[in-house]
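S.K.: Once you've looked at the hints, dock chain B against the given chain A.
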Amino acid sequence: MESKLYSVDEVKSFIKQNKIMALAGDEQVLDQLPEGHWIGGTIPYFMDEDAGKFAQDKIFVNELDPKSSNYKINVYDENNIEQIIKDTFNNGFTLIIMPPFQKVHQAFALKAEDIEGLYNNPIVGWIAGVDLNADATPKVYNGLNKEKFEDKAVAIHIELPDDYFAQIDITNIFEPDPESPEIRFFFDTFDALNCLIDGKETNLAEYIDKHNIDIKLPLVADYSGAHINVSIKEVDVKNGLVSFFAPVFESKVYRFAKPIDNYINRFEVKTLDYNPDNVFSCNCILNYLYGEFEGRKINNIKGPITFGEIGYQLLNQTLVSLIVDKN
Amino acid sequence: MKTINSVPPKERKEWRDLLTGNLNIPLKNFFFQMKVTQAKNQIAMGKITLDEAIDDIHALCKKFFKAKNMDVDLANIFLNSNELTTSDDVYGTTTEISTESNGQSQNENVTTAERKKQEMLELLKVKEEKMRLERERQKLQEERRKLEAERIRLEAEKTIQEKLLKEKLKLKKQYEELKQQEPFDKSDNTEVIEDNNELNEVKNELDKLFSEYKTEEDSPRKRSFFSRMFGIFKK
Numbered sequence: 001m002e003s004k005l006y007s008v009d010e011v012k013s014f015i016k017q018n019k020i021m022a023l024a025g026d027e028q029v030l031d032q033l034p035e036g037h038w039i040g041g042t043i044p045y046f047m048d049e050d051a052g053k054f055a056q057d058k059i060f061v062n063e064l065d066p067k068s069s070n071y072k073i074n075v076y077d078e079n080n081i082e083q084i085i086k087d088t089f090n091n092g093f094t095l096i097i098m099p100p101f102q103k104v105h106q107a108f109a110l111k112a113e114d115i116e117g118l119y120n121n122p123i124v125g126w127i128a129g130v131d132l133n134a135d136a137t138p139k140v141y142n143g144l145n146k147e148k149f150e151d152k153a154v155a156i157h158i159e160l161p162d163d164y165f166a167q168i169d170i171t172n173i174f175e176p177d178p179e180s181p182e183i184r185f186f187f188d189t190f191d192a193l194n195c196l197i198d199g200k201e202t203n204l205a206e207y208i209d210k211h212n213i214d215i216k217l218p219l220v221a222d223y224s225g226a227h228i229n230v231s232i233k234e235v236d237v238k239n240g241l242v243s244f245f246a247p248v249f250e251s252k253v254y255r256f257a258k259p260i261d262n263y264i265n266r267f268e269v270k271t272l273d274y275n276p277d278n279v280f281s282c283n284c285i286l287n288y289l290y291g292e293f294e295g296r297k298i299n300n301i302k303g304p305i306t307f308g309e310i311g312y313q314l315l316n317q318t319l320v321s322l323i324v325d326k327n
Numbered sequence: 001m002k003t004i005n006s007v008p009p010k011e012r013k014e015w016r017d018l019l020t021g022n023l024n025i026p027l028k029n030f031f032f033q034m035k036v037t038q039a040k041n042q043i044a045m046g047k048i049t050l051d052e053a054i055d056d057i058h059a060l061c062k063k064f065f066k067a068k069n070m071d072v073d074l075a076n077i078f079l080n081s082n083e084l085t086t087s088d089d090v091y092g093t094t095t096e097i098s099t100e101s102n103g104q105s106q107n108e109n110v111t112t113a114e115r116k117k118q119e120m121l122e123l124l125k126v127k128e129e130k131m132r133l134e135r136e137r138q139k140l141q142e143e144r145r146k147l148e149a150e151r152i153r154l155e156a157e158k159t160i161q162e163k164l165l166k167e168k169l170k171l172k173k174q175y176e177e178l179k180q181q182e183p184f185d186k187s188d189n190t191e192v193i194e195d196n197n198e199l200n201e202v203k204n205e206l207d208k209l210f211s212e213y214k215t216e217e218d219s220p221r222k223r224s225f226f227s228r229m230f231g232i233f234k235k
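Taken in sequence, the protein lines are chains A and B.
Mind the numbering: the first sequence is residues 1 to 327 in our numbering, read in order.
Mind the numbering: the second sequence is residues 1 to 235 in our numbering, read in order.
This is chain A alone, in the form it adopts within the complex:
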């Protein structure tokens, strides 16, 4: 089945066919679905087969691989999120959907790297969201019993046959600016007052304000060649506070991202080798907004537009894909 937006009736028929799926849509459409082998999360922004779009009457469907032989769905909160690896199969992958800025989201983001066996199988996922102009709360769903949560995460663990394996690929248009100072933080946090900028203790909000740093550009850390973004949520100069969409870590060195002339063009270039046959893919709402993706088709990118992406860890301003291949 092709990954794309479907009508509620079409999705209902997939559920009747016992398809194992990850669904993304507005709360009012997800509420209409019957019980079945699915998990879901709220979001009304998508990259569909023809263009980026806002849709509250359709549901984006990712069939979680017809080769899958077994699956299980689990619900997690901040107290048991570290158990997630123990619930995985020996060979397979996990797709998790979380509500934003709830304790489970923060616990996973801060502790992921310490979870034993985190890299044994790919974990992908996304952070649920809502219409930015509406008064609503993001939700996640366990389709097995149609439970709906706003403070818990739902994950589906998929088992793959031995001759298959899953892998994650990411696309990040940002790279550290070589002219940026080195930024280090005193502890792992979503919010920071002071930090070390080129070794000198400095208030980050004041620094950003004084140097007119464009906060559409994330902080970027180098993970052995992977550029991992931490997007800036808010700079509160009055209180000297900078808030982030993902945590910054004490053990990492950050730099401001190199400025980009043409956001969408950069994205097009970076996704030339994007594999449209992936099992799952999602992209960040900040890319969608800053790059003005609505009404635009970018190569063959498809999937929900999310309030945070997960590729082993919580990522920002990143396109995440899960691919299943034969060994």
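No lab work stands behind these hints: they were computed from the structure.
The structure presented is a predicted model; accordingly, all values stated were derived computationally and were not measured.
In this text, a Cβ means the ideal position worked out from N, Cα and C, and glycines have one as well.
Computed spacing ranges between beta-carbons, pair by pair:
#1 A:Glu-206 <-> B:Lys-13: 45 to 51 Å
#2 A:Ile-85 <-> B:Leu-123: 28 to 34 Å
#3 B:Asn-5 <-> A:Lys-72: 33 to 39 Å
#4 A:Ala-134 <-> B:Lys-125: 30 to 36 Å
#5 A:Asp-273 <-> B:Lys-146: 56 to 62 Å
#6 B:Lys-125 <-> A:Asp-163: 52 to 58 Å
#7 B:Gln-118 <-> A:Asp-163: 55 to 61 Å
#8 A:Gly-199 <-> B:Glu-119: 30 to 36 Å
#9 B:Leu-123 <-> A:Asn-262: 39 to 45 Å
#10 B:Leu-79 <-> A:Ala-134: 52 to 58 Å
M.R.: Same frame as chain A, but now just chain B:
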């Protein structure tokens, strides 16, 4: 582009180099990038040993050997390592509309959000202050260690100087005593002359004894030489 057909054995030195930072190669495979970063971090923090990290990463590289660019990364490490060296508040809206939006006025939401923010700010300030104080404490401890080392050094120096001063005073005293004994006034040197006569007598007696000692075979007399010498000096 070089590639590799299988995962090299874990005994290869390059694994250690990769995880200890001796070999800094920008990797291409996402799993490998993240795993190596995590392993380095955990080794640095003492959470796992280098050998455990190698075992783990080696097994996972085997599992994901067919993943995109894994062969290229391994080739770069194992076939080429000498050449390669080191290389609008979108979410904020959701915060404000989070759990308290049911039936409450926007003002109440704003107030709640503002209150939560202030609480968070306070907590953060306390945490940062705690961290700052901890850094200050460590700095002071370091200063204290340095001062203690300096104090010990100065104390040792003082002891040496005191000893030298005592020696100097002793010598000065001896010098003063000797100076007082000097027969500067030739008209009043009777005592000195008497002393000299006495010394000459002792010297003569010693010379006599010593010549006897040199010529005589082992005898009770010779054996009593030292006791007689002692007697002379005592006198």
